[in-house]
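In the order they appear, the protein sequences are chains Y and L. As numbered in my numbering, residues 1 to 250 make up the first sequence, in order. As numbered in my numbering, residues 1 to 245 make up the second sequence, in order.
I should point out that these hints are in silico values taken from the structure, not numbers from a laboratory. Ideal Cβ placement from N, Cα and C applies to all residues, glycine included. A portion of the hints provided could be inaccurate.
Interface residues of chain Y toward chain L, partial, derived using beta-carbon atoms under 7 Å [unchecked claim]:
# : residue
1 : ILE176
2 : ALA192
3 : LEU193
4 : PRO197
5 : LEU239
6 : ALA243
7 : ALA244
Which residues of chain L face chain Y? A few of them, derived with a C-beta cut under 10 Å, are [as the list claims (entries may be wrong)]:
#  : residue
8  : ASP127
9  : ARG129
10 : GLY145
11 : GLN154
12 : VAL166
13 : GLY167
14 : TRP180
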Amino acid sequence: MPELPNPELAAAPTAGMNGARAAGEGATVLEAARLVLQRDLTLAFRRRGQLVQPLAFFAIVTTLFPLAISPELARLREVAAGVLWVAALLASLLALEFLFRDDAHDGTLEQYALSGQPLTGLMFAKTAAHWLLTGLPLALMAPLAALSLGAPSASIPGIVASVAIGTIALSLIGSIGAALTLGIRRSGVLLALLTLPLSLPVLIFGARASELAIHGAPYVAPLELLAALAVLGVTLAPLAAAAAVRVSLE
Amino acid sequence: MSWTWFHRLGSPPYIYRLAQRLTPWFAWPAGALIIAALYGGLVLAPPDYLQGDGFRIIYMHAPSAWMSLMVYTTMAVAAAVGLIWRIKVAHAVAASCAPVGASFTLAALVTGSLWGEPMWGTWWEWDPRLTSELILFFLYLGYMGLRGAIEDTQRADRTSAVLAVVGVVNVPIIHYSVSWWNSLHQAPSVMRLGKPALSTTMLAPLLMMLLGFTLFFVAVLLVRLRGEILNRERSASWIREALGT
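Okay, chain Y solo, but in the shape it has when bound (with noise of 0.2 Å):
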């Protein structure tokens, strides 16, 4: 197997090697998996500014929706779980772009697709790690918003709840959209296009889960069919971003 030639795998030597291990034989899936998604992490804590624009970009979203709409906190709390949740889905969609664009930039795509292990398999590691290292901080950041918009601190486990969850859901569902448009050059809105339509249920039971918990009602109900869409999306995601990749390599 060649070098990989990239200055940022050369900068980061335990995290290539780990890679390059992952795409070895001999090794489980899950061990590949787990050796990905180390990879993935290290990687990105070595580039710590992309991990804050889609956070920084989620806060700037959040304060337009006070300065177009009132800064009347009871107004605002009217909309609050809508402008949370449309700002999150635009966050994570922004952040998409990261999730393969790097790896099929310096081949690494490839090595997965060609290392023998399967590519799902792969491919669910990969988009566990963007999870992480954009969901869950969302998820975390979602309160601070949600506070800033009216909505009461009894509310913020329904809506930390309902992000984390949700988020899952949609970094399945981006992570198709990002395969698929793998290899198009600016293909953005493109990603846009083909992602929002796709993640509209998620946008309507989590921005239902944050309003029932903004109003103090349950907000079970609607917090498991983001769960069960999560689930959905854990079965047959990778599948599809799997066969994208693939057709992208050919």
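Let chain Y serve as the given structure and place chain L on it in line with the hints.
Structure of chain L alone, referenced to chain Y:
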């Protein structure tokens, strides 16, 4: 069991000639049925006791909405066949379906909005069925956008096929989540078509229109398929023969 008939379906020249021969068999009945249904729907059927003559737009709206879903399903099945058995003609069928389906979806949206203005007093209502139709339109746009963005035909075929299959899994989920969302946010204040049983004089033209639209779709698909095959096989030698040049 002999599979030669199946393998012949994968051959572009065979399909090209078959499409050429079959087109009139679908186009003429489609035209006759649509004209007969228009006469039945616009002239023979009595005006609705609640909606007056306004209900007659259903003869365009319902078949268009029905076709928008049927074309999407056809497209996804063709794409899956192309993806699984690597049949190029199946990808050509899927590619030919998309613009037709998008047009039917747009027609359903426009007629629905025209009907909504006198009936609901608004051009647009966030009715679950209108909303899911709109989302279906976006799915078509995404499919065509993805196909247009990739230059290599084979890659465009296989990539968009994955999208079509993913989309067809999602369509029912989107549909149910949208109607669930809607039922929570607003009471069903609008009257619904189809709840009261339609009388035969109203129903017969509708069914004829439905059949006419289906045949029309097949005819258009066959013509588009021929164009698609010609474009894909433009360097093949059988084209000269087929075109008689």
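Against the structure, the hints come out as follows:
1. ILE176: 6 Å, holds
2. ALA192: With a minimum Cβ separation of about 9 Å from chain L (threshold 7 Å), the hint on ALA192/Y is violated.
3. LEU193: Cβ of LEU193/Y sits 5 Å from chain L, so the hint holds.
4. PRO197: For PRO197/Y, the interface hint holds, since the closest Cβ of chain L sits about 4 Å away, which is under 7 Å.
5. LEU239: 10 Å, violated
6. ALA243: 5 Å, holds
7. ALA244: It holds, given that the least Cβ distance between ALA244/Y and chain L is near 5 Å, below 7 Å.
8. ASP127: Violated. Min distance 15 Å.
9. ARG129: For ARG129/L, the interface hint is violated, since the closest Cβ of chain Y sits about 15 Å away, which is over 10 Å.
10. GLY145: Cβ of GLY145/L sits 5 Å from chain Y, so the hint holds.
11. GLN154: Since chain Y brings a Cβ to about 7 Å from GLN154/L, closer than 10 Å, the hint holds.
12. VAL166: 5 Å, holds
13. GLY167: 7 Å, holds
14. TRP180: 7 Å, holds
In summary, the structure is inconsistent with hints 2, 5, 8 and 9 from the numbered list given earlier, while agreeing with the others.
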